[in-house]
Amino acid sequence: MIKSIWIDNFKSLVDFELPLSKFTCLVGLNGAGKSTVLQAMDFISQLMLGDLDEWLKTRHWESADINSKLTKASNIEFKVVLEMPEFGEVNWEGSVNRTTLRCTQEKVSIGHMNYLKVEDGHCFLGKYNSQNISEVLEKSLLERFTIMFEYQGSILSQLKNSQTEGILYSLKHLISKIHSLDLLSPELLRSQTKISDGQLGLGGQKLSSFIHESGKEGKNTLKNELKNIYSQLDSIDTKSLRAGWKQLEITEHFGEQKLKTTARHMNDGMLRLMAVLSQLESGSEFLLFDEIENGINPELVEFLIDHLVKAEKQIMVTTHSPMILNFLEDETARQGIVYLYKTESGFTKAKKLFEIPSQAKKLQFMGPGEVFIDTDLTHLFREIAEISS
Amino acid sequence: MYLLLSGEGLTDIGVCTPASDSCDADTFQPGPMAWIVDQLMDSFLDYDFSHIQTMRVSFVSEHFLATHKQRPQKKSMSLRGKKKPAETKYYYENARALATAAKDKTIEVDDNVIAVLFRDADGTASAGRGNWRDKRISMINGFKVEEFVLGVPMIPKPKSEAWLLCAVKDNPYQGCENIEQESGSDKGTNPLKRQLSNALAGNDSASDLNKIVQENIDLHEIQMPSFEAFKNDLNKVVAIATGTLQEPKI
Numbered sequence: 019m020i021k022s023i024w025i026d027n028f029k030s031l032v033d034f035e036l037p038l039s040k041f042t043c044l045v046g047l048n049g050a051g052k053s054t055v056l057q058a059m060d061f062i063s064q065l066m067l068g069d070l071d072e073w074l075k076t077r078h079w080e081s082a083d084i085n086s087k088l089t090k091a092s093n094i095e096f097k098v099v100l101e102m103p104e105f106g107e108v109n110w111e112g113s114v115n116r117t118t119l120r121c122t123q124e125k126v127s128i129g130h131m132n133y134l135k136v137e138d139g140h141c142f143l144g145k146y147n148s149q150n151i152s153e154v155l156e157k158s159l160l161e162r163f164t165i166m167f168e169y170q171g172s173i174l175s176q177l178k179n180s181q182t183e184g185i186l187y188s189l190k191h192l193i194s195k196i197h198s199l200d201l202l203s204p205e206l207l208r209s210q211t212k213i214s215d216g217q218l219g220l221g222g223q224k225l226s227s228f229i230h231e232s233g234k235e236g237k238n239t240l241k242n243e244l245k246n247i248y249s250q251l252d253s254i255d256t257k258s259l260r261a262g263w264k265q266l267e268i269t270e271h272f273g274e275q276k277l278k279t280t281a282r283h284m285n286d287g288m289l290r291l292m293a294v295l296s297q298l299e300s301g302s303e304f305l306l307f308d309e310i311e312n313g314i315n316p317e318l319v320e321f322l323i324d325h326l327v328k329a330e331k332q333i334m335v336t337t338h339s340p341m342i343l344n345f346l347e348d349e350t351a352r353q354g355i356v357y358l359y360k361t362e363s364g365f366t367k368a369k370k371l372f373e374i375p376s377q378a379k380k381l382q383f384m385g386p387g388e389v390f391i392d393t394d395l396t397h398l399f400r401e402i403a404e405i406s407s
Numbered sequence: 002m003y004l005l006l007s008g009e010g011l012t013d014i015g016v017c018t019p020a021s022d023s024c025d026a027d028t029f030q031p032g033p034m035a036w037i038v039d040q041l042m043d044s045f046l047d048y049d050f051s052h053i054q055t056m057r058v059s060f061v062s063e064h065f066l067a068t069h070k071q072r073p074q075k076k077s078m079s080l081r082g083k084k085k086p087a088e089t090k091y092y093y094e095n096a097r098a099l100a101t102a103a104k105d106k107t108i109e110v111d112d113n114v115i116a117v118l119f120r121d122a123d124g125t126a127s128a129g130r131g132n133w134r135d136k137r138i139s140m141i142n143g144f145k146v147e148e149f150v151l152g153v154p155m156i157p158k159p160k161s162e163a164w165l166l167c168a169v170k171d172n173p174y175q176g177c178e179n180i181e182q183e184s185g186s187d188k189g190t191n192p193l194k195r196q197l198s199n200a201l202a203g204n205d206s207a208s209d210l211n212k213i214v215q216e217n218i219d220l221h222e223i224q225m226p227s228f229e230a231f232k233n234d235l236n237k238v239v240a241i242a243t244g245t246l247q248e249p250k251i
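The listed protein sequences derive, respectively, from chains U and Z.
Counted from 1, the first sequence has number 26 at position 8 by our numbering; the numbering is strictly sequential.
Counted from 1, the second sequence has number 62 at position 61 by our numbering; the numbering is strictly sequential.
Everything labelled a hint here was simulated from the structure, so no lab data went into it.
Beta carbons: idealized from backbone N, C-alpha and C, even for Gly.
Hints should not be assumed to be uniformly reliable.
To be verified - Below, computed lysine-lysine pairings styled on BS3-like, alpha-carbon distance capped at 25 angstroms:
no., chain 1, residue 1, chain 2, residue 2
1, U, Lys135, U, Lys178
2, U, Lys125, U, Lys212
3, U, Lys379, Z, Lys85
4, Z, Lys212, U, Lys379
5, U, Lys379, Z, Lys170
6, U, Lys370, Z, Lys188
7, U, Lys331, Z, Lys232
8, Z, Lys194, Z, Lys170
9, U, Lys145, U, Lys190
10, Z, Lys145, Z, Lys212
11, U, Lys379, Z, Lys188
12, U, Lys145, U, Lys135
13, Z, Lys84, U, Lys379
14, U, Lys360, Z, Lys188
15, U, Lys195, U, Lys135
16, U, Lys234, U, Lys245
17, U, Lys331, U, Lys21
Unchecked claim - Selected chain Z positions facing chain U (in silico; Cβ < 7 angstroms):
no., residue
18, Lys83
19, Ala87
20, Lys90
21, Tyr91
22, Glu94
23, Ala126
24, Ser127
25, Ala128
26, Arg134
27, Lys188
28, Pro192
29, Gln196
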């Protein structure tokens with residue numbers, strides 16, 4: 019599980035630390051930086067995959083769009099803290115050069131034991147004591163080489179699996195399996211696609227091929243889940259069309275009448291739920307959804323939230339909806355609701371909502387969503403500043 | 002007549018000693034705001050009678066109200082809107098819980114129970130946000146929705162020190178409405194707590210404040226909108242409890 023992410027110099031995120039729980043829900047006023055946080059997490063994930071150019075292209079960004087306009091710093095610094103049951107608390111930190119889009123400095127460590135270090139064009143691999151480099155604990159693993167090749171992102175994106183055993187392999191796997199659906203759109207969900215490569219696009223494109231690739235069992239599981247709320251639903255099917263295009267369709271019954279509907283004509287809410295639920299069964303480790311309530315009828319909110327909270331994967335959503343928050347248990351809300359706000363200098367900051375004394379006090383008397391809607395959020399930053407001083 | 006008080010701590014309504022979420026007079030240690038309630042009631046009753054000294058008082062803490070909060074009303078959640086301003090629901094729910102505790106007390110003591118709910122306007126629950134008037138109305142609505150007519154909101158603006166400061170500052174009782182405009186934060190440049198302490202030359206412990214309220218303050222001289230609203234509300238419920246004013250229809 020990822021416990022926290024710190025990033026510096028990524029759009030409005032300057033010296034920004036985000037605490038994460040198994041289920042995290044970002045709330046805040048418009049423009050507080052919720053979507054930026056999702057983009058930052060997607061960026062961090064992409065570092066493990068390399069090819070930042072392609073990532074920028076997908077988002078229609080230039081490399082000059084990444085850094086903060088509020089500071090003069092050039093590199094983007096980051097630190098990810100992970101809790102891994104088999105290893106303990108693992109830190110991965112680095113510094114990304116904005117021109118080469120490469121981690122020019124990088125380190126993976128547990129306490130003062132280093133497992134990877136990139137510095138001055140050299141890479142150290144193996145387990146050694148960072149305070150006493152002669153103390154090499156696993157000599158067989160130790161390797162030091164001059165980096166003679168071009169790459170983007172983390173050096174881990176370039177190393178073979180045989181070079182990244184144990185911690186490094188698990189770290190790479192987990193980070194590269196962060197998957198953001200921050201631009202989920204009905205139009206893209208409806209589109210026909212050929213192959214999904216095991217996941218949806220940022221906007222939910224490839225849904226038809228993703229469901230197709232999940233096979234009969236996958237479609238059946240998805241149908242059974244959706245049947246809880248759409249009782250008329252009989253089946254979810256996909257068809258292979260000419261040239262490999264996949265078409266998604268559902269069959270419903272109304273009385274005796276059977277009705278087939280293709281994705282093009284399905285309702286937005288059902289498509290979004292399909293996208294979310296199918297992702298919970300995907301190979302991703304950490305899923306991000308922006309404005310999770312969009313297109314979802316209030317009647318379905320509890321169904322959706324219960325699935326997200328109980329999911330085996332780590333989940334982060336953003337929302338403006340007090341109803342979403344009100345369906346969280348108090349303890350989940352205490353751990354998981356993070357309030358994002360902007361300081362007077364324009365920097366985005368994060369604070370667990372119920373660590374703010376007024377919010378904790380109100381939670382004793384009302385639901386998490388009611389606390390949120392009852393609070394004058396435009397002035398909440400003052401209380402946070404006061405308790406931090 | 003019987004008094005049920007709820008407040009935030011020793012320097013306002015008081016606490017139970019030993020610490021507890023609720024207590025009757027024998028273990029209730031009254032604070033300065035409790036003495037204000039007691040003295041005002043005494044003056045409204047036309048005869049000398051201290052509810053505190055005659056042990057006709059009970060206390061419930063904020064935590065007691067939180068653990069005895071009322072079930073949500075019909076709707077699953079209440080939305081903010083034109084009729085429900087921000088930063089008010091905490092006051093509303095506290096009043097509902099206290100109204101219910103007061104109704105139970107009424108049966109227990111077999112007498113009219115006046116419930117006084119003390120909360121700072123600018124306390125921890127709102128930290129300077131929201132409007133005093135909206136908070137007071139929310140408390141009144143909270144009492145009303147539980148069909149309890151003897152509830153009194155006691156919401157000093159911004160906090161209890163303001164009322165006391167009015168009476169003990171240089172030029173006492175003069176221009177006190179200005180104090181209501183100050184911040185309730187204890188971390189500001191000249192917090193009310195410090196102003197009160199300075200005005201009392203450092204003699205501002207809870208027992209000092211209790212003594213001052215009982216011996217040195219003329220409560221009817223304090224002219225501050227938040228104090229007068231409380232005083233009028235208390236006067237009204239005392240009149241209802243004694244039968245000199247007809248019970249309003251809810």
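Each hint, compared with the structure:
Under the criterion of a C-alpha separation no larger than 25 angstroms, the hint pairing U/Lys135 with U/Lys178 is consistent with the structure, at around 16 angstroms. Pair hint U/Lys125 plus U/Lys212 does not hold up; C-alpha atoms about 39 angstroms apart against a cutoff of 25 angstroms. Under the criterion of a C-alpha separation no larger than 25 angstroms, the hint pairing U/Lys379 with Z/Lys85 is consistent with the structure, at around 19 angstroms. A hinted pair counts as satisfied when its Cα atoms are at most 25 angstroms apart, and Z/Lys212 with U/Lys379 does not qualify at roughly 31 angstroms.
For the hint linking U/Lys379 to Z/Lys170, the alpha-carbon distance of about 32 angstroms lies beyond 25 angstroms, and the restraint is violated. The straight-line distance between the Cα atoms of U/Lys370 and Z/Lys188 is roughly 22 angstroms, inside the 25 angstroms bound, and the hint therefore holds. The straight-line distance between the Cα atoms of U/Lys331 and Z/Lys232 is roughly 57 angstroms, outside the 25 angstroms bound, and the hint therefore fails. Proposed proximity of Z/Lys194 and Z/Lys170 is supported: the alpha carbons are some 12 angstroms apart, at most 25 angstroms.
Straight-line distance between C-alpha atoms of U/Lys145 and U/Lys190 comes to about 17 angstroms, which keeps the hinted pair within the 25 angstroms bound. The straight-line distance between the Cα atoms of Z/Lys145 and Z/Lys212 is roughly 35 angstroms, outside the 25 angstroms bound, and the hint therefore fails. With a C-alpha separation of about 19 angstroms, the suggested pairing of U/Lys379 with Z/Lys188 holds against the 25 angstroms cut-off. For the given pair, U/Lys145 sits about 10 angstroms from U/Lys135 by alpha-carbon distance, which is consistent with the 25 angstroms threshold.
This hinted pair checks out: Z/Lys84 and U/Lys379 have alpha carbons roughly 23 angstroms apart, not beyond 25 angstroms. A hinted pair counts as satisfied when its Cα atoms are at most 25 angstroms apart, and U/Lys360 with Z/Lys188 qualifies at roughly 22 angstroms. Using a Cα cut-off of 25 angstroms, the hinted pair U/Lys195 and U/Lys135 holds, with the two alpha carbons roughly 22 angstroms apart. At roughly 16 angstroms between alpha-carbon atoms, U/Lys234 and U/Lys245 fall within 25 angstroms of each other, so this suggested pair holds.
Pair hint U/Lys331 plus U/Lys21 holds up; C-alpha atoms about 13 angstroms apart against a cutoff of 25 angstroms. Against a cut-off of 7 angstroms between C-beta atoms, the interface hint on Z/Lys83 is violated, since the closest Cβ of chain U lies about 14 angstroms away. Interface restraint check: Z/Ala87 against chain U, minimum CB-CB distance 4 angstroms, threshold 7 angstroms, status holds. Against a cut-off of 7 angstroms between C-beta atoms, the interface hint on Z/Lys90 holds, since the closest Cβ of chain U lies about 4 angstroms away.
Against a cut-off of 7 angstroms between C-beta atoms, the interface hint on Z/Tyr91 holds, since the closest Cβ of chain U lies about 5 angstroms away. Because the closest C-beta pair between Z/Glu94 and chain U is about 4 angstroms apart, less than 7 angstroms, the hint holds. The beta carbon of Z/Ala126 is positioned within 7 angstroms of a beta carbon in chain U (closest approach about 5 angstroms), and the interface hint is therefore held. A least Cβ separation of about 6 angstroms between Z/Ser127 and chain U falls short of the 7 angstroms threshold, and the interface hint therefore holds.
The criterion of a C-beta within 7 angstroms of any C-beta in chain U is met by Z/Ala128, whose closest approach is roughly 4 angstroms, and the hint holds. Checking Z/Arg134 against chain U: minimum C-beta separation of about 15 angstroms lies over 7 angstroms; hint violated. Restraint check, Z/Lys188 versus chain U: the minimum CB separation of about 5 angstroms is within 7 angstroms; hint holds. Annotation: Z/Pro192 was flagged as interfacial toward chain U, and the flag is violated, the nearest CB pair being 11 angstroms apart, outside 7 angstroms.
Among the interface hints, the one on Z/Gln196 is violated; its C-beta lies about 18 angstroms from the nearest C-beta in chain U, farther than the 7 angstroms criterion.
Violated hints for the displayed structure, listed by number in ascending order: 2, 4, 5, 7, 10, 18, 26, 28 and 29.
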